[in-house]
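Novice: What follows is the residue order along each chain.
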Amino acid sequence: MSTPPIAAKIIELRAQLKTQFPEAHAESRFRQMEEPPVVPKFGLPCLDQHAVPPGSVVEIVGPRWSCGSGLLLAGVLEAALRQGGYAALVDGRDAFDPQSLPADLLQRLLWVRCRKVEQVTRCADLLLRDGNLPLVIADLQLNAARDLQRVPGSTWFRLRALAESRGACFFAFTPCQTVAGVRLRLLVDQRLGLDALDRPRLDLVRSLQAMTMIERHRGLDSTAEARLAKAG
Amino acid sequence: MFTALVIPDFALQVASCHHGEMRDRPVALLEESPGSAVIIQRGKAPVLQCNAAARMCGVASGMTASQAQARCPHVHLIYRDPAAERAAQMKLLDLAASHTPDYEDTAPGVVCMDWLGLRDMQRRACGLAGEMLAELRGRGLEAKFALAPNPDLAVLAAHLADPTLLLPEAPEDVRAFLAPLPVEVLMPDEEKLALLRLWGVRTLGALTALKRAEIARRLGRDGAELWDHAAGRRQRLLQLVRPQPIFSQSIEFDHPVQQTEPLLFLCRRFLETLCARLEGAWLVAREIRLRLDFENLHDPLQPKLHERALRIAEPCRDVDLLFRLVQTHLEGVTAPSSVTAMTLGLEPVRPNTHQTQLFEGSLRDPNRFAETLAQLEAALGPERVGIPLPATTHEPGVIALEPFEEKEAGEPVAGTRREPLMLGLPVRCFRPPRQARVVFSKGRPVHLDAGEIQGRVLDDRGPWLLSGHWWEPGAWSRREWDVHLSDGTLCKLVFEHGEWSLEGVWG
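Listed in order, the protein sequences are those of chains A and B. In this text, residue positions in the first sequence follow my numbering: the first is 1265, and each later residue adds one. In this text, residue positions in the second sequence follow my numbering: the first is 1129, and each later residue adds one.
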């Protein structure tokens, strides 16, 4: 059974790198004793079915105005704050409504009110670099897509590196596919009606559905792994 | 050797020192304030102190004003003046400080001085006493002076002085010497004083006539100390008054400064000095207070100064950390003109002694986080970063932020607690709201045009009528509609001040 040429090249490249730089690939003798990182549970079925360990970058794409991404954002915030920790919301267009969260949880939320995408990336950089907050959320849903596309890919990779090194989760809510190098990208496109305004928030959040656009585990992304598995 | 300076009936003397005409009249001081010479209107205030003329008429401390007036119709009743008492006490301490560096603020109207190491104290004591008493007499206060081998004996002897009493050695029979003094000179607490009066013990002689062991059994350790004090046996160290260090430095520039670098250089120098003072006093800094005075360009709209208090998350005296906070803040300040003066102060506080949680607290490094907050504020402005406060008004759109402060950590907020059930979708607000044009048909909205968001209305709810503050000039009133557009957008429309606006989108 032959391996697809691209995947084979990747495997060969990895082997060469391992030979060339053995110390970078050395397994720590303690690594086997280490427990796997605790994956936080958000109480959101659409999110909890994916492993989102600390240090992950997750992008939630909401292609429409009322697609449910705000609901997912509120759900993630509420779940994180209820666990007793702090969280930061870097608000791209100063759109957050404090009444969307229970009042007792607001004391643990740092609200950063930005107006431009550049401010969001700068503030997210500062907060991730700080390393004190386990969850940083950037809400770019109301920002213009053309402004988001002007953000260089290196910026997102830098934020990812900071999140991984500091062990913080970084969530980005965007109107279109924007963030490069994410661990998980979900598309939320729920059809909601005015009757949703009367339903309990918990029911709405639990009924949210999201499509997985990309999911990376350690090493190759899930699509490449699937291809390899099929070929091999 | 110790000397004591005592002003008898201190509160009364302070209240009446500026009223020379009251000197020969019966005067009684009431426990109440305000004012220093106000004829009483109420009859129930207790008499705190009274002069000799009032005592001769039968007025005594503890009786009510009406009782005092019944006994002595001509008695002048005056109020206490706490501010004047504090000022007089400061002057008394200044007087002691001008003669010796070791003195104690023993009680209101009482100061005790230590002359350890001073030779020929006995010879100098008379001259010293005369000097001090004359100084106080010039301020309208009559005092008494005493010299004794221990401070408590000096204070008690001062009460017996007329007006000076020198005891280079303790009397052979100290108890008999102090016997005539009233128990009030021991300054016991109210409860013990009432108990002693109940027992009929009114003088030190009556107290020391009782057995020490019996007093200790009934009044405890405090009672035993009281007995020792009355017998002149108590030995103690003075609690010396030391000048409070000042944790602030300022400078006025000969030439106005236009750049940040010189200010930062001076801030660093100031911080090094102030942190050294903190270290000497075993204190840490909780807050940095920075003030910049600007050059006056005769523009009434121009701010004259910039004042800011920078809170330190975890109080410390680390110069580098404090300097980084000041530097981050200064780099974000836009000065309207050149800086003519600068003041930098630290608010001192005792170091935190509680043990932090063993397993990971809320913030790993609060000071680092404080720096990050300062950088965020410098990038966005102080009103753009903080903790959102719950609304205290029904008026929509009112937002308040408070500076971030670490709360007590860590316990998960139980979902089973009684909390209001969250309903419905969250809203993303447009700030400011977007102008909208709404077309109505038969009283229902049928089309919305708000620029980017427009379309036919499939479903609507409303109108919701809200209003508030109708009793004030800032009354508000609005109509809200929730509409579902053909493209699936759920909009929050508001009609206010005769215009439609799109305030946010649900979901």
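In case anyone wonders, no lab produced these hints; they're calculated from the structure. One or more hints might be untrue.
[Claimed, not checked] Here are the simulated SDA-like cross-link-like pairs (lysine to any residue), alpha carbons at most 25 Å apart as the crow flies: (1) A/Lys1380 to B/Ala1506; (2) A/Lys1380 to B/Leu1551; (3) A/Lys1380 to A/Leu1406; (4) A/Lys1305 to A/Pro1318; (5) A/Lys1305 to B/Leu1551; (6) A/Lys1380 to A/Cys1440; (7) A/Lys1380 to B/Trp1598.
As the structure is a prediction and not an experimental result, all values here were calculated from the model.
Novice: Decide, hint by hint, whether the structure agrees.
Specialist: Do the hints match the structure? See the list:
1. A/Lys1380 to B/Ala1506: With Cα atoms ~15 Å apart, A/Lys1380 and B/Ala1506 stay inside 25 Å; holds.
2. A/Lys1380 to B/Leu1551: At roughly 31 Å apart (the allowed maximum being 25 Å), B/Leu1551 and A/Lys1380 break the hint.
3. A/Lys1380 to A/Leu1406: 10 Å, holds
4. A/Lys1305 to A/Pro1318: Distance of about 11 Å is within 25 Å: holds.
5. A/Lys1305 to B/Leu1551: 22 Å, holds
6. A/Lys1380 to A/Cys1440: Within the cut-off at roughly 16 Å; holds.
7. A/Lys1380 to B/Trp1598: Between A/Lys1380 and B/Trp1598 the Cα gap is close to 37 Å, so the pair fails against 25 Å, i.e. violated.
Violated hints, in rising order: 2, 7; the structure is consistent with all others.
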